[in-house]
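Going down the list, the protein sequences come from chains A and B.
For our numbering, add 1 to where a residue sits in the first sequence, where the first one is 1.
For our numbering, add 1 to where a residue sits in the second sequence, where the first one is 1.
Read the hints as simulated data drawn from the structure, not as lab findings.
Each hint should be verified, as a subset may be incorrect.
Same chains, same label: a pair holds when it works inside one copy or across any pair of copies.
The calculated lysine-lysine pairs, modelled on DSSO-like cross-linking and capped at a C-alpha distance of 27 Å, are [said to hold, decoys possible]:
no., residue 1, residue 2
1, K40, K256
2, K278, K242
3, K321, K291
4, K323, K187
5, K58, K40
6, K291, K38
7, K407, K224
8, K73, K183
9, K38, K122
10, K183, K414
Protein chains: 2
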Amino acid sequence: MEDITEIAILGMGNIGTEFVEILQHQLSEIEDITNQKIKISKILVTDLNKERNVQIKQNIITTNPDEIFNNKNISIVIEIMGGVDPAFEYVSKCLESSKSVITANKDLIATHGKILFQKAKKNNVSILFEAAVASGTPIISTLIRDLSYSNINSIRAIINGTSNFILSEMEEKNTEFMEALKLAQKLGYAEPDPTNDIEGFDARYKLSILSSLAFKTEVEYPKLHVEGISKIDSIDFQYAKELGYSIKLLAIAEKIKSGILARVHPAMIDVNNPLAKISGAMNAIEIQEKLLGTVIIQGPGAGPSPTSSGILSDLIHVLKTKHNSQSVPNLINNLQINDIKTLESRFYLRFIVHDKAGVLSKMSNILGEESISIASVIQKENTNLEEKYADLVFMTYKSSQSSIDKAIQKIAKLDVVDQLKSLIRVE
Amino acid sequence: MEDITEIAILGMGNIGTEFVEILQHQLSEIEDITNQKIKISKILVTDLNKERNVQIKQNIITTNPDEIFNNKNISIVIEIMGGVDPAFEYVSKCLESSKSVITANKDLIATHGKILFQKAKKNNVSILFEAAVASGTPIISTLIRDLSYSNINSIRAIINGTSNFILSEMEEKNTEFMEALKLAQKLGYAEPDPTNDIEGFDARYKLSILSSLAFKTEVEYPKLHVEGISKIDSIDFQYAKELGYSIKLLAIAEKIKSGILARVHPAMIDVNNPLAKISGAMNAIEIQEKLLGTVIIQGPGAGPSPTSSGILSDLIHVLKTKHNSQSVPNLINNLQINDIKTLESRFYLRFIVHDKAGVLSKMSNILGEESISIASVIQKENTNLEEKYADLVFMTYKSSQSSIDKAIQKIAKLDVVDQLKSLIRVE
Chain A
2 MEDITEIAIL GMGNIGTEFV EILQHQLSEI EDITNQKIKI SKILVTDLNK
52 ERNVQIKQNI ITTNPDEIFN NKNISIVIEI MGGVDPAFEY VSKCLESSKS
102 VITANKDLIA THGKILFQKA KKNNVSILFE AAVASGTPII STLIRDLSYS
152 NINSIRAIIN GTSNFILSEM EEKNTEFMEA LKLAQKLGYA EPDPTNDIEG
202 FDARYKLSIL SSLAFKTEVE YPKLHVEGIS KIDSIDFQYA KELGYSIKLL
252 AIAEKIKSGI LARVHPAMID VNNPLAKISG AMNAIEIQEK LLGTVIIQGP
302 GAGPSPTSSG ILSDLIHVLK TKHNSQSVPN LINNLQINDI KTLESRFYLR
352 FIVHDKAGVL SKMSNILGEE SISIASVIQK ENTNLEEKYA DLVFMTYKSS
402 QSSIDKAIQK IAKLDVVDQL KSLIRVE
Chain B
2 MEDITEIAIL GMGNIGTEFV EILQHQLSEI EDITNQKIKI SKILVTDLNK
52 ERNVQIKQNI ITTNPDEIFN NKNISIVIEI MGGVDPAFEY VSKCLESSKS
102 VITANKDLIA THGKILFQKA KKNNVSILFE AAVASGTPII STLIRDLSYS
152 NINSIRAIIN GTSNFILSEM EEKNTEFMEA LKLAQKLGYA EPDPTNDIEG
202 FDARYKLSIL SSLAFKTEVE YPKLHVEGIS KIDSIDFQYA KELGYSIKLL
252 AIAEKIKSGI LARVHPAMID VNNPLAKISG AMNAIEIQEK LLGTVIIQGP
302 GAGPSPTSSG ILSDLIHVLK TKHNSQSVPN LINNLQINDI KTLESRFYLR
352 FIVHDKAGVL SKMSNILGEE SISIASVIQK ENTNLEEKYA DLVFMTYKSS
402 QSSIDKAIQK IAKLDVVDQL KSLIRVE
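Using the sequences and the hints, build the whole thing.
Encoded structure:
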């Protein structure tokens, strides 16, 4: 056995509590694997007197982060407080005082990853964040360590368990969005305010992390197009099924000529595509690489235990590699982040139209004017609508987003058209 | 840039050729990532004058392995010759002369892994073998590096692409085994002598490697039960479908009280299980871990490009970690490898019986005597059989392998029973 490695933990919520319990329980095992003695020296909390479900000596709890930053014996800090502020300040200070950092904080890495990686390298310490995407499912390590040599063409991922649970419910049980959301909330899969998950913001943070690692370039998340799932109706699943598709909230990043195109939105995917088969709160990340072909990594997306397992994996890595900064991502490229307008895709468009003669011809004329070819059309009474309205569904061949936008604007002006109810890209 | 790292390659077949081409093509990129200059100094071949599809200077080709073992400037050796003999001798000599080894050789690691790991550690160099299972699909690195802390309960894997292709063909196109095998041979998925793949021997090598890493114990492959797929009939797929199952060649290793139980055999799995959805020559490995839950890694199982990508990943790891032996597996446990007789499982049994009254009652009596409960029975005319014969299918509840064996022996003696045509365990 070598010296004792002292660890500090920032934050003691659900995950912190679970993690400390697991660490205490598996300590001797981890010491055997890493050949090092480990000790939790300090835990930063907001309330010294809170009751906790885990045994911690009172003298290691503190509300003063300086006790951690200034303690030279602490060489590893685990940040599980969440949020960008004050996590960014705290993590920066730890790296600057030559402590390696392990974080499960996707907001932090998505917002300040590049600068934190630089700080780590400058101070010759490590920063690891396996649990920031898909909890302990080994996707970050795969991108950083196993595929570091790689020429990745694309990433397509289901990385928001809440949305995937809701969409799976809607598909399997024919329920409407609100009903599925309520069930997700009841089961603890969705927050009381579900915006972050259902509008795609959570997935966008994660996509910005995955794509920055895959393409070795900074990907500022506000630049990424995002659409959520709250506008999808149960009937869209029926049409999707008829056409041979499932609907998923996909996070997609592709290398294109002029840089990368990354986006989060609902997408129709062929029912035989492995991603179509990822159901419930599960996460899955598909990587397409030039030599390797297609690899899919599937696992839990959240939860105290899987998250703790990701943190543990990082901890062992830091201990084994002796804080070596080699695993810190090098964002050596400076790729352009393209606008969704440059996308070429197939589109599913569902309009509510007045049930009158000539509607189809007027609409297909406009699509023709914008050089959009139609692959399938479904016109049906929608029994959820009043009598005079009907659903008109177009599935296009590959078209540019800008042509589609123009066509939709023109179609909206037709008096026979009530509204565009759904626009779903086809992957 | 630091010093030049000199590399030698043992073997120059399909994979060797592809790998050298890729390495030449991506050299500057790899040098950037690893911050090291790399040079291929020697390549061991069997025929100096063979025409090659890749440009290599004649002076680096040799038929004398001593030129590699004795060259102190060579610090990494990539073994892609295959087979145990002389690969074991050569790899041993490389490790003993303090060279790190990268190998894609599953036979070698399955047969001599433990001793090679010891040699590597003793000489403080590395031995890596990502491409030995599922080509470049990152499963070895996941087990060794990301889940090193883990308490794995089980591994269930589809790790023979040939068998999975044949079974997928039989299932999707209703063809018989021989026809599917011929197609696999025509498409290059199966060898002219397919025994190794279709009888499960290839999967058994790979399972012995995966389970030794997962449970950190030596798993001698000859101790593992193995059954192939050649006895499965197209009609078994029909019954499976009726009962809600698919049939896959699974490699399974579980932790049980008295050690581990590992086996390769055809298995029925619920059609909704993600493993049931792995079709064609694809590989997939499911890992169940105490904290993490279920993770599935899916990717290509073979081929020069994916295999080269696995070797490349290992090469970069060795270069980045400076030959650190920390990544060499520590088989610290000494777990008992249990006999298949200790298995508790559900069973699918298909008998060919004489189409006479009383058959069902005689057979179910015997099953009852052995305390085997029946979950489903299907009795049908099998139109492939002569008129006087019929199929009788039992799906049992969980029973011990030894009870099943006894019952089968008794049933075989019944004059109304022609033969046991299929025994497939249900996962």
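Do the hints match the structure? See the list:
Taking the shortest alpha-carbon separations for K40 and K256, neither the intra-copy value of 44 Å nor the inter-copy value of 30 Å comes in at or below 27 Å. Taking the shortest Cα distances, K278 and K242 sit within 27 Å of each other both inside one copy (13 Å) and across copies (18 Å). Taking the closest pair of Cα atoms, K321 and K291 come within 27 Å of each other only across two copies (22 Å); inside a single copy the shortest separation is 31 Å, beyond that limit. In this assembly of identical chains, the alpha carbons of K323 and K187 never lie at most 27 Å apart, being 44 Å within a copy and 51 Å across copies at closest.
Taking CA atoms no more than 27 Å apart as the test, K58 paired with K40 passes inside one copy only; the shortest distance there is 12 Å, against 55 Å between copies. In this assembly of identical chains, the alpha carbons of K291 and K38 lie at most 27 Å apart only when taken from different copies (23 Å versus 42 Å within one copy). In this assembly of identical chains, the alpha carbons of K407 and K224 lie at most 27 Å apart only when taken from the same copy (22 Å versus 67 Å across copies). For the identical chains of this complex, K73 and K183 are neighbours neither inside a copy (49 Å) nor across copies (68 Å), given an alpha-carbon limit of 27 Å.
Taking the shortest alpha-carbon separations for K38 and K122, both the intra-copy value of 25 Å and the inter-copy value of 21 Å come in at or below 27 Å. For the identical chains of this complex, K183 and K414 are neighbours neither inside a copy (36 Å) nor across copies (60 Å), given an alpha-carbon limit of 27 Å.
Checked against the numbered hints given earlier, this structure breaks hints 1, 4, 8, 10; the rest are met.
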